[in-house]
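Participant: Start from the sequences and build out the full structure, keeping to the hints where you can.
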Amino acid sequence: MKNLAILFLASALSWSVAQADDYGFPMLDGFAATVISTPENLRPDLRIKGRPFRLKSLKVFPDRPVRPYVWYHDKMRYLVFPQKKPAPLIFVIAGTGSSYHGPHMTTLYQAFYLAGFHVVGLPSPTSFQFMVTASTTQAPGVLDDDSRDLYRAMTMAWEQQLSKDLEVTDFYVTGYSLGGAQTGYLAMLDEQEKVFNFKKALMINPPVSLYNSAKRLDGFFRDNIKSTEEAQAFWNRVMGALGEEYANTRGAVNLGPEFLYDVYKRRRPDDQGLATLIGLVFAITAQNMITVADSMTQSGYIVPVGTTASIAANVDPYFVVAARTSFEDYFRDLLVPFYQRTDPSITSEKLKYRASLKSFEDYLRTTDKVGLSHNRDDVIMADGEIEWLEGVFGDRAKIWPRGGHCGNMAYRENVEHMLAFFGASLPEGR
Amino acid sequence: MNNKRMTRLIALLATTLVVFGSGCAATRPKEGAEPPQRTLESVGFQGSSIITDVSDPWEGWNRRVYNFNARFDRYIFAPTAEAYKRYLPKLLRMGVHNFMRNIREVMNVGNALLQFRLRTAARSTGRFVVNSTLGVAGLGDPATLMGMYYQREDFGQTLGVWGAGPGPFIVLPLLGPSSLRDTFGLGVDYVAWTELNIAGYGSWARSQFLFWPTLLYAVDTRANIDFRYYELGTIYEYIWVRKLYLEVREFEIKR
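These protein sequence lines are chains S and E, in that order.
Position 315, counted from 1, in the first sequence is what this note's numbering calls 315; the numbers after and before it change by one each time, with no gaps.
Position 166, counted from 1, in the second sequence is what this note's numbering calls 1166; the numbers after and before it change by one each time, with no gaps.
Hints are computed from structural coordinates only; laboratory data are not their basis.
As the structure is a computational prediction, the values presented were derived from the model and not from experiment.
There could be a bad hint or two in this list.
[Stated by the list, open to error] Heads up, simulated DMTMM-like pairs for lysine to aspartate or glutamate below, C-alpha to C-alpha not over 20 Å straight-line:
hint	chain 1	residue 1	chain 2	residue 2
1	E	LYS1254	S	GLU245
2	E	LYS1254	S	GLU244
3	E	LYS1243	S	GLU229
4	S	LYS59	E	GLU1231
5	S	LYS200	S	GLU428
6	E	LYS1243	S	GLU230
7	S	LYS75	E	GLU1237
Facilitator: In C-alpha cells form, the structure reads like this:
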C-alpha cells in the first residue's frame, strides 16, 4: 500500500513536471542539447526518396589563381535541391566553419525540399572553401563584408547557373548560427540591391555579437584545458568513453543523436565536460580559419610571409601554434591590423560593432520580413542578449524554452514553426 | 603465393615508390622572411601535442599518396559510387552489398577465432549459414533480422588483440589510411582469401573480364563510406584523419 502511494505521488509529480511547459523537446540543459541535438523519434519524417540534389560549382573570382596546396578548392561548391515545377526558392546559409553539408544543413535541405521549395545551400564565409574561393577579404569575422561576399556568390549562382534551369516564384533566405546573423544582413542588403527581393528571412540561433559568442566558445575550451596534461586527460576521457560505448554496440553504428543520447543517459557527463567538448569543436574550426586567413592574407601571423609548402610538407608546427591561438587573438592580432592596412582609422571596437547585429539594429527593429527563432538556454549567448533580441524583434521572435545552440532545429515543432513562418508545411503524414 | 604474383606485387610497390617517394618534404619560407608573430616558443609549447604526436616517419610519401587518393576519388571513384547510388535500384545495390559481405564472412569467422572471440565467431558462422541458404546465396540478409548482426574482423585487428601496436602510419595507394600493422594484416587476409578460395568465388572473380566483380566490390565499399576527401573543412585534414584513423582502429580492436 505504501509502495502504491509512493508510485502515485511520483507519477503525480512527473505529471506536474511535464506540465511545466508544453514544449516536448527533452529536458536537457543547453550544453547537452547542443551536443546531442534531436533524437530520431522526435523528428518529423524527413526522408527523401532517391538523390534529388545537384552539387554545383561556381568560379566567383575568375582571375584568382588556384593555389597548388589547395588545388581542391578551385571553385565554390554549393548544393541544390531543385523542384520539377515552378516553386519558391530558399537560400540556406551554413553555420560557423561549415560547408554546404552537415547535420543541420541536411535537416534544412530535407524540410524545405519536402515542403516544396527549391533549396540552395551555401557554405559559411568562415568555411575553408569559401575563404579560398569566394571571400574578398579572405579574413572572415566581420558581418557586413562576409554577408556581401555571400550576396555576391548568391547573385552569381542565380544569374549564371540557377536561373537557367529553375522556375522560381519567390525568394527566401534562412541560416543557422553565424549563418543566421548573415541572413539578417542579407535581407537588409537585398532591400538596396534588389536582386532577389526576399519575401521573408528567418534567423535561427544567431549570435548577437560574433565577438562575444566566439569568446564564450573559446572560453569553454581554453578555461577548462590549461595545460597539455589536462588536454591529454580530456582527450583520453572522451576517447575512452566512446571506445567503451562503441565496444558495446551491435552491428552498424551511426554516431548520430541516437548514439549520443544513449551515451548521455548512461554516463551523465557533467556540464564542464560537455562545454569543453563544444569549445573543442569551435577551437578546431578556429584553428583552420586562422591558418587559412593568415596564409591567404600573407599576414605572417603563424605562417611566415612568402612561405610555399609542398603538398608533402610536415605542417605540425603551424597546427600546434594555430590550435593554441584563440579567436580573440585572431581578432586582435590579424583581423584588426588587416583592416587597418586599407583604413588606418579602424579600431578594434569599430570592428566588433560591425561583427554584431547591433550594427543594423534599426533595420531589424523596423522590417516585417525578418523573423527570429532562438533558444532561452543557447550556450553561445551572453547575459541579456536573448532579452535584447526579444526587444528588437518583438512578436517576430520565437524563443523556445530550451534546445541549446541549434540542438532543437530538427525537433518536430521547430520544423513546423520554421516552415509555417514561410507559409509552408510538410506533406500530410510526415 | 606463386612467383608471378610476387613479381607483380614488387613491381607495383616499386612504381608507387618512384611516383610518390621523390622530392623533399618541407615548407620553404622565403629567403630572409621575418619569423611569424606566433611561434612554438611564444605559445609556450612544451614539446608534446596529442594530435600530432603520432608515429609517421614516412609522412612525405604518405601525404603524396593521400593527395593522389583524393584526386583519384574526386575524379573517378566518388563519381562512380555516386552514379551507382543514383541510377541503380536500391534492391539491387542491397543484394550486391549483402553478397559481398556474406562471401567475406569466413574472414570474420577466422579472425574472431584467432582473437578467441567465440561468440562473434559463432554469430558470423550463423550469419553465413542462414544468409547462404535462406538469404539465397547471400543476396538477402535475414540473419540481421534474426539478431545476428554483422561485425567486420580483419587480421590487423587480430594482431591488435594480440597486443601489437599500430606501428607507423601508412597511406596506401587507392586503399587509404592504414598502419604498418594493418597493412601487414591486409596482406595476410589477402593471402588467406586467395588460398581459401571460398566457393570458388576468388578464382572465378579473377577470371572475369576486367575483374569486374572486384571492381563492383570496390564501388559497393565506396558507396557505403560517407567520406569525401578535402571536405572535412580543415586545411589540416591529413593530421586529423591520421589521428582519427588510429583512434577508430583502437575502437574496433576493443569491440
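Participant: So, for every hint listed, does it hold in this structure?
Facilitator: Taking the hints in turn, this is what the structure says about them:
no.	hint	verdict
1	E/LYS1254 - S/GLU245	holds (10 Å)
2	E/LYS1254 - S/GLU244	holds (8 Å)
3	E/LYS1243 - S/GLU229	holds (18 Å)
4	S/LYS59 - E/GLU1231	holds (18 Å)
5	S/LYS200 - S/GLU428	violated (24 Å)
6	E/LYS1243 - S/GLU230	holds (18 Å)
7	S/LYS75 - E/GLU1237	holds (19 Å)
Consistency note: the structure conflicts with earlier hint 5 alone.
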